[in-house]
Amino acid sequence: MIKLIKNELFKIFHKKSIYVLAGIMLAFVILNNIVYKVFYDDNSNYISQTLNDSSWEIDYYSEELKNLDINKESDKEEYISCKTSYDIAVLHSSYQIGTWQYNIIDTRLYDIIYNINYYTYIEKNDKLLKEYQDKYDYYINSFENNNFKVFIKEELDSTQKEIDTLEKEKKTITSTKRLKEIEDSLNILYIKKEMINYRISNDVPYSNSYLNTAIEDYIDTYTYLNSTTVDSLSYNEKIEYNNNLSKNATSKYIIDNKIDLNQENTVRNNLRCIFNSYEILIVILIIIISGTIISNEFNKGTIKNLLIRPYKRSTIFISKYISSFIILILSIIYLVFLELIVGGILFGLDSLNIPIVVYNFTTSSLVEYNIFTYLGILILAKMPLLILIMTLSITLSTITLNSPISIAVPILGYTFSGIIGSLAMSFDLKWMKYFPTMNWDLTEYLFGGLPAFQYTSLSHAIIISIIYFAIMFTLSIIVFNKKNIKNI
Amino acid sequence: MEILKCSNLNKSFGRKKILNNVSLSLDEGDVLGFIGPNGAGKTTTIKLILGLQSIDSGTVTICGYDIKKEFTKAIKNVGGIIESPDMYMYLSGYDNLKLIANLYGVSKEKIDEVVKLVGLEKRIYDKVSKYSLGMRQRLGIAASLLNDPKLLILDEPTNGLDPEGNKQIRNLILKLSKKGIAILVSSHALSELESIVNKVVIIQKGSIVETSTLEEVKKSKNSYYIFEVDKIKGIDNIEKISENSFKVNINREEIPEFINKLIDKKIKIYSIYEDKLSLEDAFLKRTGGNQID
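If you're matching them up, the sequences are chains R and V in order.
Position 120 of the first sequence, counted from 1, bears residue number 120 in the working numbering, the numbering being contiguous throughout.
With positions in the second sequence counted from 1, the corresponding number in the working numbering is that position plus 1000.
Keep in mind that the hints were calculated from the coordinates and are not lab data.
Glycine included, each C-beta is placed from N, C-alpha and C at the ideal position.
There are no misleading hints in this set.
Not close to chain V: a few residues of chain R, all C-beta gaps over 10 angstroms, as computed:
id, residue
1, T99
2, E123
3, L189
4, S227
5, S234
Simulated pairs of lysine to any residue, SDA-like, Cα-Cα distance not exceeding 20 angstroms:
id, chain 1, residue 1, chain 2, residue 2
6, V, K1127, R, I18
7, R, K149, R, N202
8, V, K1098, R, T302
Taking the hints into account, I'd like the entire structure generated from these sequences.
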């Protein structure tokens, strides 16, 4: 059998088409890496988002303002809110998107600007106006001097104030329900305080950075988790809960270790998402190889040269099957290799030292993986999908002896599997759990995760995949064994 | 030793009967000419022998092994070209041979040997897509010799060959048969094989119409003489051709005696000549004058 497999591989590697496909894969990998290189900046922000364009906002609000009359009683309210939005837009336009100043203008300055406008146009009060004006100037001054600590300290003060008030109330309260509410709020406030202190001691401003994102995510997810009880959740809410659990733990990991786990423009990230970007390439390659490995020999008449050798037909079929599988594995290795080279040239390989951190839902803890170990797990979880598609092509190739059909049908099936999945989910079609495409991707079950389609489970998915595999494989062998070599 | 034995092979495609009780056998060193018009069932018979199509009824044994029950043992002893020498066009001739050699664990020297035997040394590293049909025939023969077969099946091997190539192939077949290989050569024209076969099987519409050894045929072929006379009344055991001529099946030695008999009967003889029938015509005669092709 090894001799047969060697011969099959020899034939495959002497075809031009395989080199064309390999070339296409290389081009695709280069393109994908260039996209990451060109469109993302060093902080892994999408570059077009960092181009500040507030001019349309300014135009819009100034136009609105022209239509409003400050002297008309009915327009007054709207006028000052519009004026405030206008002022905010003007202020936005003077800072880059992603800077800490830009990020806090809305939350910290809206009230002040609103009050300035209020006391200027509606209730003319020079004393209060002066007070807000001074505060505004002080803030803008801090903006100019890049003094973000002013804002962090202010946040700390206000948080501390809230804590004090609640602690005071807690001591006097008797209602258990209210006590629970207070304790929940206090928990969140303490976390908030902890994070603010972290910002102070580690100099983390509000500008876009992985630490800023992690801090915000940590507080958001903590708030969500703190206010949610698992028992009463629907299936979709449970998935959301899981997402929050995982995000919460990874954010904490990032904060504690100061490691950017989510940086996008790295070889590590491209490898981690290798199936998101390149799965289609592997699928097309393997369909083309396996969809022709049998039918072409029949169509060209060369199958006779194979069948009159001292090997059983089933041995010949299995050799062809194994050869396809070897090509499948080689194509994945080839892609990883390409990504390492192309990505390595563009981004360097340092990112490979950063572990992949995943939240394990079964043990409720974080697990660190070396990128290549993680890749191995990912490839294993994708195997049912790839093997089923490959087997489908070979089966069609054996039964119909028609290469176009054996290539087109699996590609269509793969393309529509996503649509089929969303249909099954939106119409809640329970019986779809027996459909192969609902079961062939095991990545969502990894680390105890919940599948998007609630009626399946890991063991169910594996069994269904094996059943479909066994049916197609047996059918192919039977047909191949019985096939008459027709006269041309 | 009997190398190939087919007994009562039957094969239908749907309702259409393709083969009807086809039987033939080959011994060591035999060269069997398997003759029949296109569509008579030659290739189907060959495919049945090689297990490429299922047998409805009947048996095929190669070197004592049943092709159905002990396929690998039986097929081990066979080499052949079926229908046409289909090779991997995108590979070189040498690579094609190497692929087959790999399956038998045959050495490089053997590949070189068969290449030399068919005279393809100069072009063996070219892609098969650049070969002429004749070169592909020769490559096909080379491929079928790699495993030192005891039975060689060649389906229309002279197809596409020029007269010189045709002669080379015939010489090659003779050479191989002398080594003891049993060879089954199919063709739609017997005249091509006349000089090399020692056994002939004629197939028509799926049935064997004639099986014989070449000696038998040649004997019958040589014993027709045509006489032109003034009248044919009163002569026994003759085949009438016209009022003034007839054909008689006698040996050369019997001619003087026969002439004496005619003279006794006062018959005037104007001319006597041997009927020079080809092997093919002889067969036509024996099968009742049907056209083969």
